[in-house]
Amino acid sequence: MNPSQAITKLKQSGLTEVAIAAKAGSRQSTINRIARGLMQPNWELGQRLVDLAAAVPANPAGEVADAA
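If you read the sequence shown in our numbering, its first letter stands for residue 75, the second for the next number, and so on.
Quick caveat, the hints were computed from the structure, so don't treat them as lab data.
Check each hint, because a few of them may be wrong.
[Stated by the list, open to error] Cβ-Cβ distance ranges computed for the label pairs, FRET-style: (1) A129 x V92: 16 to 22 Å; (2) L112 x T90: 16 to 22 Å; (3) N76 x S103: 24 to 30 Å; (4) A128 x T90: 18 to 24 Å; (5) A132 x S103: 24 to 30 Å; (6) M75 x N106: 17 to 23 Å; (7) T104 x M75: 16 to 22 Å; (8) P131 x S103: 24 to 30 Å; (9) A93 x Q121: 15 to 21 Å; (10) D125 x R101: 15 to 21 Å; (11) Q102 x Q79: 16 to 22 Å; (12) T90 x D125: 15 to 21 Å.
Backbone N, C-alpha and C fix where the C-beta goes; we use that ideal spot for every residue, glycine too.
Hey, can you work out the whole structure from these sequences and the hints?
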């Protein structure tokens, strides 16, 4: 999974870009640019995003579970 895919998964789980940025130690504008493919994060931020997404549980159908 790449950082852009990680952001998509996190957003599908119900997190906002602001919440993702706070958890990853970044800014919302940076998360938005990564999600849109306009920039590549440094290795550390990219790894934090992938790690956050990996911690999101998936349901048996393989879809991201609701974070509600």
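Please flag the earlier hints that this structure goes against, numbers listed from lowest up.
3
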